[in-house]
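Engineer: Listed here are the chains, written in short residue letters.
There are 2 protein chains.
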Amino acid sequence: MAADTSTHADILISEVGPRDGLQSVKAIMPTPDKFRWIDALVAAGVREIEVASFVPARLLPQMADAAEVVRYAIRHPGVTVMALVPNLRGAEAALRAGAQKLTLPVSASREHSLANVRKTSEDMVEEVRAIAKLRDELAPGVRLEAGISTAFGCTLQGVVPEDDVIRLAAMCVAAGADESGLSDTVGYANPAQVRRLFRRLRAEVGQHAGAAHMHNTRGLGLANCLAAWEEGVRTFDSSLGGLGGCPYAPGASGNVVTEDLVFMFEAMGVRTGIDLEKIMAARVPLSAGLPGEPLYGMTPDAGLPKGYTQR
Amino acid sequence: MAADTSTHADILISEVGPRDGLQSVKAIMPTPDKFRWIDALVAAGVREIEVASFVPARLLPQMADAAEVVRYAIRHPGVTVMALVPNLRGAEAALRAGAQKLTLPVSASREHSLANVRKTSEDMVEEVRAIAKLRDELAPGVRLEAGISTAFGCTLQGVVPEDDVIRLAAMCVAAGADESGLSDTVGYANPAQVRRLFRRLRAEVGQHAGAAHMHNTRGLGLANCLAAWEEGVRTFDSSLGGLGGCPYAPGASGNVVTEDLVFMFEAMGVRTGIDLEKIMAARVPLSAGLPGEPLYGMTPDAGLPKGYTQR
Numbered sequence: 594m595a596a597d598t599s600t601h602a603d604i605l606i607s608e609v610g611p612r613d614g615l616q617s618v619k620a621i622m623p624t625p626d627k628f629r630w631i632d633a634l635v636a637a638g639v640r641e642i643e644v645a646s647f648v649p650a651r652l653l654p655q656m657a658d659a660a661e662v663v664r665y666a667i668r669h670p671g672v673t674v675m676a677l678v679p680n681l682r683g684a685e686a687a688l689r690a691g692a693q694k695l696t697l698p699v700s701a702s703r704e705h706s707l708a709n710v711r712k713t714s715e716d717m718v719e720e721v722r723a724i725a726k727l728r729d730e731l732a733p734g735v736r737l738e739a740g741i742s743t744a745f746g747c748t749l750q751g752v753v754p755e756d757d758v759i760r761l762a763a764m765c766v767a768a769g770a771d772e773s774g775l776s777d778t779v780g781y782a783n784p785a786q787v788r789r790l791f792r793r794l795r796a797e798v799g800q801h802a803g804a805a806h807m808h809n810t811r812g813l814g815l816a817n818c819l820a821a822w823e824e825g826v827r828t829f830d831s832s833l834g835g836l837g838g839c840p841y842a843p844g845a846s847g848n849v850v851t852e853d854l855v856f857m858f859e860a861m862g863v864r865t866g867i868d869l870e871k872i873m874a875a876r877v878p879l880s881a882g883l884p885g886e887p888l889y890g891m892t893p894d895a896g897l898p899k900g901y902t903q904r
Numbered sequence: 594m595a596a597d598t599s600t601h602a603d604i605l606i607s608e609v610g611p612r613d614g615l616q617s618v619k620a621i622m623p624t625p626d627k628f629r630w631i632d633a634l635v636a637a638g639v640r641e642i643e644v645a646s647f648v649p650a651r652l653l654p655q656m657a658d659a660a661e662v663v664r665y666a667i668r669h670p671g672v673t674v675m676a677l678v679p680n681l682r683g684a685e686a687a688l689r690a691g692a693q694k695l696t697l698p699v700s701a702s703r704e705h706s707l708a709n710v711r712k713t714s715e716d717m718v719e720e721v722r723a724i725a726k727l728r729d730e731l732a733p734g735v736r737l738e739a740g741i742s743t744a745f746g747c748t749l750q751g752v753v754p755e756d757d758v759i760r761l762a763a764m765c766v767a768a769g770a771d772e773s774g775l776s777d778t779v780g781y782a783n784p785a786q787v788r789r790l791f792r793r794l795r796a797e798v799g800q801h802a803g804a805a806h807m808h809n810t811r812g813l814g815l816a817n818c819l820a821a822w823e824e825g826v827r828t829f830d831s832s833l834g835g836l837g838g839c840p841y842a843p844g845a846s847g848n849v850v851t852e853d854l855v856f857m858f859e860a861m862g863v864r865t866g867i868d869l870e871k872i873m874a875a876r877v878p879l880s881a882g883l884p885g886e887p888l889y890g891m892t893p894d895a896g897l898p899k900g901y902t903q904r
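Chains Z and C are the protein sequences, given in the same order.
Note that the numbering used here numbers the first sequence so that position 93 is 686, with each residue one more than the last.
Note that the numbering used here numbers the second sequence so that position 23 is 616, with each residue one more than the last.
Treat the hints with caution; some may be incorrect.
If several chains are the same, the list does not tell them apart, and a pair holds so long as it fits within one copy or across any two.
Simulated pairs of lysine to any residue, SDA-like, Cα-Cα distance not exceeding 20 Å [what the hints assert, rightly or not]:
| id | residue 1 | residue 2 |
| --- | --- | --- |
| 1 | K899 | N709 |
| 2 | K899 | L749 |
| 3 | K899 | P754 |
| 4 | K694 | G671 |
| 5 | K899 | L707 |
| 6 | K694 | R668 |
| 7 | K899 | D757 |
| 8 | K694 | D632 |
| 9 | K871 | V672 |
| 10 | K899 | R703 |
| 11 | K899 | A785 |
| 12 | K899 | F628 |
Honestly, the hints are just simulated from the structure, not real lab data.
Since we're looking at a predicted model, the values are computed, not measured.
Starting from the given sequences, assemble the full structure and let the hints guide the process.
Structural biologist: Structure representation (structure tokens):
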């Protein structure tokens, strides 16, 4: 929940589209298009981007160029280049490529954890420990985030006990993660639950409490982000055009739409550091690299209100 | 902001689809289909329905059967049958048909008021006074609501000063309205503004503070309802399938989607009195009466979470 103090912004919106979005669509975006998309995000004022996932190319061919993308993205000063790593091996590759922040998905649902990474949640905590150790050796300045997935429920297991979520988040911090964030992987969260869990998280791990990663599967994405913000969360994951997310919701976006999230906060007077016109313009290179892929977002469809001026 | 005490519910969701929705689409729903749709809403537990608008049929042929629809709907015990009336003449017709609650749109934007009803806001306050007097004579038990439209901004005028909104709401109450609600007619509202305005409204008119009528034009509909709820609002307007609303947002729903609103509150443990499965089933008669009309709603698309049980 650390507030960003590096720029004139009250919150940090962490763009996950190039990783979370691209790995969820069938088409493979050519590497030069990824570069142009990242450039446009940076030009709009985005200060943290999850650019790739370091998984075997045979599993996710969309991410075969992960190292190349990281090496390109880190040329942008003032931007934190994040990579998702599922294990120690991925972490080593990401660190060697120059990633500035790592995020490791640690599922609070046993069934989801086994299905997603073929490891139990406890095994993943050991992975956090090993990665933190490697990070200390190779690149001590790199931050390590544990993203507690299915923190608000699971399509396989159903209800995920809140005690399990908080205990796992604390175990990850104890194992060396700089922060534990909470992810609504399948779009089950509601605002009351969001407030309750982030309040407990902060009580448990204090300043190690991390980002809110919300989905819009049932339309509650922005309401959940609002609830998290009211509870003191200051970092939010979202995806340009709502790209990616949950395949279980036909016609519905998965990830919270960056454009709508920026509009909500800016309209409230909460500074994101992101230019609304420019972030909507960043849809152009995204679409160019993924022809025919539907993009979501109500604010891009409706346009900005008459007389609206961003501070 | 009066809490509903007639049933086991914490809030009142006022379904506006048969009025707000139907008057916004080109097709005319046959009267028997309106009956079946209203029946399905009632069967789902909806306790307040805005069923018609009493305007000349040459202006809104979709509402030519307004009196007939009111006469049908009032047969349902325990349901408050609302009608929109633009003026004294419409109010008289609605009262004679048996409407149990009237809502009069009073725009806080001078330009919108002239465009919408060809009267200034001040003229509309006089209309409130005349209608309240008529109501006292004809049907003293009928509640009269002033719906302060463009309360959060206007596509014609742009910014609408908050002082204007609150002053107008208070003038309507002074003129005899039982409640003044606030409407985000064009989808400009943000959660901070919603909290600010409803707080001021309640400070100004106390228990005469009325419903939140939010639109989802820029995706903030549920977040704005959440903000209003946190500020003590207990009545929310919404539309099944998001029917109706703002034609300025292609592909975007206008009114807040009833199904998603019910899901949000029920998931939070806030009782709506509405059965989620049955309210989704009420889309069937709606679609039957408006073939080919697109319906919105993320929860109907995604389905309910695994293991979800409504209290």
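Engineer: Classify it for me, K899 with N709: is the Cα-Cα distance of at most 20 Å met within a copy, between copies, both or neither?
Structural biologist: The answer is between: 18 Å across copies meets 20 Å, while 45 Å in one copy does not.
Engineer: Given identical chains, is K694 near G671, meaning Cα to Cα at most 20 Å, within a copy, between copies, both, or neither?
Structural biologist: within (13 Å within a copy, 58 Å between copies)
Engineer: If the cutoff is 20 Å on CA atoms, where do K899 and D757 land: within, between, both or neither? Let me know, please.
Structural biologist: between (47 Å within a copy, 18 Å between copies)
Engineer: Regarding K899 and P754, is the shortest C-alpha distance of 20 Å or less found within a copy, between copies, in both, or in neither?
Structural biologist: between (45 Å within a copy, 14 Å between copies)
Engineer: Check K694 against R668 for me: Cα-Cα at most 20 Å, and say if that holds within a copy, between copies, both or neither.
Structural biologist: within (15 Å within a copy, 63 Å between copies)
Engineer: Within, between, both or neither: how does the pair K899, F628 come out at a Cα-Cα threshold of 20 Å?
Structural biologist: neither (33 Å within a copy, 39 Å between copies)
Engineer: Using 20 Å as the alpha carbon limit, work out where K899 and L749 are close: within a copy, between copies, both or neither.
Structural biologist: between (45 Å within a copy, 8 Å between copies)
Engineer: With identical chains treated as interchangeable, where does the CA-CA distance between K899 and R703 reach 20 Å or less: within a copy, between copies, both, or neither?
Structural biologist: The answer is between: 15 Å across copies meets 20 Å, while 49 Å in one copy does not.
Engineer: Between the shortest in-copy and the shortest cross-copy C-alpha distance, which are at most 20 Å for K871 and V672: within, between, both, or neither?
Structural biologist: within (16 Å within a copy, 48 Å between copies)
Engineer: Checking an output row: K899 and A785, CA cutoff 20 Å. Within, between, both or neither?
Structural biologist: between (33 Å within a copy, 18 Å between copies)
Engineer: Tell me, please, which holds for K899 and L707 at an alpha-carbon limit of 20 Å: within, between, both or neither?
Structural biologist: between (50 Å within a copy, 18 Å between copies)
Engineer: Quick one: K694 to D632, C-alpha cut-off 20 Å, is that within a copy, between copies, both, or neither?
Structural biologist: For K694 and D632, only the intra-copy Cα distance (19 Å) is at most 20 Å; the inter-copy one is 56 Å.
Hint compliance for this structure: hint 12 alone is broken.
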